[in-house]
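*Asks:* Read off the chains here:
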Amino acid sequence: MIAVIKRDLLLAVRAGGGFGLGLAFFLIVVVLVPFGVGPEQAILSRIAPGILWVAALLAALLSLDRVFALDFEDGALALLATSPLPLEALAISKAMAHWITTGLPLTIVAPLLGFLLHLDAEAFVYLFGGLLIGTPALSVIGTFGAGLTVGLRRGGLLMSLLVLPLYIPTLIFGAEAVRRGALGLDALVPLAMVGAITAGCVAMLPFATAAVLRMNLR
Amino acid sequence: MSMWKYANPKLFMGWTAPILPWLFGAAFVCLVVSLVWGFFFTPDDYRQGSTVKIIYLHVPSALMAINAWFMMLVASLVWLIRRHHVSALAAKAAAPVGIVMTLIALLTGAIWGQPMWGTYWAWDPRLTSFLILFLFYLGYVALWAAIDDPDTAADLTSVLCIVGSVFALLSRYAVNFWNQGLHQGASLSLDKEENVADVFYLPLLVAIAGFVLLFLALVLLRTRTEIRARRLRALLIKEGRSNA
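Residue numbers (the numbering used here), protein chains in the order written: chain W, 1 to 218; chain F, 1 to 244.
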């Protein structure tokens, strides 16, 4: 498992763009929004939680097509499937590698971008915390979507159609936590729900991912 | 002998052929009776006026939109567990019908919402979860369409249906949390004292029966089409091999 994670991380770093692209995309989406809605501070700080979370979703989505597709093309996935490592463990290591290359950097950078959008000072903790516990769910769900569409030639667009609706619960609770944090309300409940979604996804979805990988490799 | 023998494609074609016209006929009769009864022989509501009559389309279609997904879930499970091809094809056949039901529910809701709530659309939990359900349907159909190999397609869409069901339920309750509702509570339930008034209740029941029958008839018809398409495909493959 650790070897797979290491390998994916090395590939991401050496092939270039692994860490950088997702972050750059995140940055550009967040920068584009003020151009679209105008520079007024009140509006921006009101919509900042939603923008940051939606941008994080899209950035996580963008890097999903490389989770399995490259390995599938060059046959490495078939080799990994025949290795003693169960596919469930492979699924979770892949999700982990995806999280380290996108979710974690996004979480670290998001508070900085919060300044750009005039996010209220009280909300930063909740933004950081929510993303920290929410992005693993995004990676695990996304890995499932990537496994589902790995055999397709033009799976990218289809994958976004399949994966984005699955992101809705995480988005709702994640953005709600930041919003409540900004308003000074009790944000513990939505945060706990984000944590629950992540825990449930991590516990159950790798089985589904492994199942769809087996179907695709048949 | 068990009920599973009816899932044999040949037997399935055999027993569905004679009942299909009856199903369509019964659905037609129920729909005509309920709509005529509902539109012309029930009083206007004292607050909603005649717009209340959209209930005869809105409630049954919404009901069937959810139940169609549920049926797809059951059919997907049957396919994954028992590998009955008819089951997978029935799930495939039900999806477009479910999409149309979802659209009818959303559209009639919008038409009713404009005079009543003053808006076609509100980000109300019920409305939003229906929109999400619609997205799930779209993804499901798109996945079926994208995969060439029919068995792989059936497998993958089944898993998607199961995972999607969990997330659709999750979204249903998550949106409750996110926004307060504008939509009224359930119009019909078995365990409640107060339902819709009796004048509206009876035609509504007939309309629901009509939608259920129509759904069954359409799904059976579409499943039969899928089976024929599958047979045709098998024939073409055989043909191609013998030519080569």
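Some hints here could point you the wrong way.
Here are the computed distance ranges between Cβ atoms for each label pair [claimed, not checked]:
| id | chain 1 | residue 1 | chain 2 | residue 2 | range |
| --- | --- | --- | --- | --- | --- |
| 1 | W | A3 | F | L20 | 54 to 60 Å |
| 2 | W | L10 | F | S2 | 52 to 58 Å |
| 3 | W | L157 | F | G25 | 40 to 46 Å |
| 4 | F | A110 | W | F128 | 36 to 42 Å |
| 5 | F | M116 | W | A76 | 25 to 31 Å |
| 6 | W | V202 | F | Y173 | 17 to 23 Å |
| 7 | W | V202 | F | L107 | 36 to 42 Å |
A few chain F positions that, by computed beta-carbon distances, are all more than 12 Å from chain W [said to hold, decoys possible]:
| id | residue |
| --- | --- |
| 8 | D151 |
| 9 | L170 |
| 10 | L213 |
| 11 | L236 |
What the simulated footprint calls covered on chain F by chain W, stretch by stretch (three residues with Cβ under 8 Å from a Cβ of chain W suffice, anywhere in the stretch; the number is not a length) [unchecked claim]:
| id | region |
| --- | --- |
| 12 | 126-136 |
| 13 | 139-150 |
Hints in this document: simulated from the structure, not taken from any laboratory.
Glycine included, C-beta positions come from ideal geometry on N, C-alpha and C.
*Asks:* Compare the structure with each hint and give your call.
*Replies:* A quick look at each hint next to the structure:
1. Judged by the Cβ atoms, the range 54 to 60 Å given for W:A3 and F:L20 holds: they are separated by roughly 57 Å.
2. W:L10 and F:S2 have their C-beta atoms about 54 Å apart, which keeps the hinted 52 to 58 Å range intact.
3. The beta-carbon spacing between W:L157 and F:G25, approximately 42 Å, falls within the hinted interval of 40 to 46 Å.
4. Checked against the given bound of 36 to 42 Å, the beta carbons of F:A110 and W:F128, roughly 39 Å apart, stay inside it.
5. At about 58 Å, the beta-carbon gap between F:M116 and W:A76 misses the expected band of 25 to 31 Å.
6. Checked against the given bound of 17 to 23 Å, the beta carbons of W:V202 and F:Y173, roughly 20 Å apart, stay inside it.
7. One distance hint, 36 to 42 Å for the beta-carbon pair W:V202 and F:L107, holds here, with the actual separation near 39 Å.
8. With a least CB separation of 8 Å from chain W, F:D151 falls inside the 12 Å interface cut-off, contrary to its annotation.
9. Residue placement check: F:L170 does not keep its beta carbon more than 12 Å from all beta carbons of chain W (closest about 5 Å).
10. Once the 12 Å rule is applied to beta carbons, F:L213 is consistent with being away from chain W; the minimum gap is 30 Å.
11. At roughly 22 Å, the least C-beta separation between F:L236 and chain W is larger than 12 Å, which holds for a residue marked as non-interface.
12. With 3 residues bearing a CB less than 8 Å from a CB of chain W, the region 126-136 of chain F meets the requirement of three and the coverage assertion stands.
13. Given as covered by chain W, the region 139-150 of chain F passes the check, having 5 residues with a CB less than 8 Å from a CB of that chain where 3 are the minimum.
Hints 5, 8 and 9 from the earlier list are contradicted by this structure; the remaining hints agree with it.
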